Amino acid sequence: MVVSAVRSVGRGVTGLGMIVLMHAAYSAAQYIKLARASSSLTEGLMGPPQDVVIEVGLSFGLCLIGTLLSLRKLRPVKRIGARQQKDIDTIFNRPEFVSLNTRNAALARRRARLLGKKS
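So the sequence shown is numbered by this note's numbering: it starts at 34 and just counts up by one.
Quick caveat, the hints were computed from the structure, so don't treat them as lab data.
Computed from a predicted structure; not experimentally measured.
All C-beta atoms in this analysis are idealised placements derived from N, C-alpha and C, irrespective of residue type, glycine included.
A few of these clues could be false.
[Said to hold, decoys possible] For lysine to any residue, the following SDA-like pairs were computed, each having C-alpha atoms within a straight-line distance of at most 20 angstroms:
1) Lys66 - Leu49
2) Lys66 - Val85
3) Lys106 - Val35
4) Lys106 - Ser41
5) Lys106 - Arg40
6) Lys106 - Val36
7) Lys106 - Arg44
8) Lys150 - Thr135
9) Lys150 - Ala139
10) Lys106 - Val42
11) Lys150 - Ala138
12) Lys66 - Val46
13) Lys111 - Phe125
14) Lys66 - Gly80
15) Lys106 - Met34
16) Lys66 - His56
17) Lys66 - Ser41
18) Lys66 - Pro81
[Said to hold, decoys possible] Pair ranges (Cβ atoms, derived):
19) Pro109 - Leu49: 30 to 36 angstroms
20) Lys66 - Ala38: 40 to 46 angstroms
21) Leu104 - Asn137: 45 to 51 angstroms
22) Val39 - Pro109: 19 to 25 angstroms
23) Gly45 - Pro128: 51 to 57 angstroms
24) Arg142 - Pro109: 38 to 44 angstroms
Throw the hints in and build the complete structure from the sequences for me.
Right, here's the structure in full:
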């Protein structure tokens, strides 16, 4: 029961973070609109207002905390099932990269030619 309550709180915190992020976007849009109307916006010199930056950081933190709270219990990482008994070389065997072409055939032909010339 406590776990489901924590998940619900996590979802609520994530939702609050999204609302704060939408408010930051609305504030930035309003700022740009007012700055263009008053022609005080110079290109490249002015960044976003400080309150928008703080709101975006706060919303990121809230979304992160909410997501971490709403996660289920993580399972351990381990090999399971049929792969557990196999060797790692057997699992990661890549037959398409195996080269079966050797120099034996070419050397045998060359040796036969050399021996044929000597006789």
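Hint check:
no.: 1; hint: Lys66 - Leu49; verdict: violated (26 angstroms)
no.: 2; hint: Lys66 - Val85; verdict: holds (14 angstroms)
no.: 3; hint: Lys106 - Val35; verdict: holds (13 angstroms)
no.: 4; hint: Lys106 - Ser41; verdict: holds (15 angstroms)
no.: 5; hint: Lys106 - Arg40; verdict: holds (11 angstroms)
no.: 6; hint: Lys106 - Val36; verdict: holds (9 angstroms)
no.: 7; hint: Lys106 - Arg44; verdict: holds (16 angstroms)
no.: 8; hint: Lys150 - Thr135; verdict: violated (25 angstroms)
no.: 9; hint: Lys150 - Ala139; verdict: holds (17 angstroms)
no.: 10; hint: Lys106 - Val42; verdict: holds (16 angstroms)
no.: 11; hint: Lys150 - Ala138; verdict: holds (19 angstroms)
no.: 12; hint: Lys66 - Val46; verdict: violated (30 angstroms)
no.: 13; hint: Lys111 - Phe125; verdict: holds (16 angstroms)
no.: 14; hint: Lys66 - Gly80; verdict: holds (14 angstroms)
no.: 15; hint: Lys106 - Met34; verdict: holds (14 angstroms)
no.: 16; hint: Lys66 - His56; verdict: holds (15 angstroms)
no.: 17; hint: Lys66 - Ser41; verdict: violated (38 angstroms)
no.: 18; hint: Lys66 - Pro81; verdict: holds (12 angstroms)
no.: 19; hint: Pro109 - Leu49: 30 to 36 angstroms; verdict: holds (32 angstroms)
no.: 20; hint: Lys66 - Ala38: 40 to 46 angstroms; verdict: holds (42 angstroms)
no.: 21; hint: Leu104 - Asn137: 45 to 51 angstroms; verdict: violated (58 angstroms)
no.: 22; hint: Val39 - Pro109: 19 to 25 angstroms; verdict: holds (21 angstroms)
no.: 23; hint: Gly45 - Pro128: 51 to 57 angstroms; verdict: holds (52 angstroms)
no.: 24; hint: Arg142 - Pro109: 38 to 44 angstroms; verdict: violated (57 angstroms)
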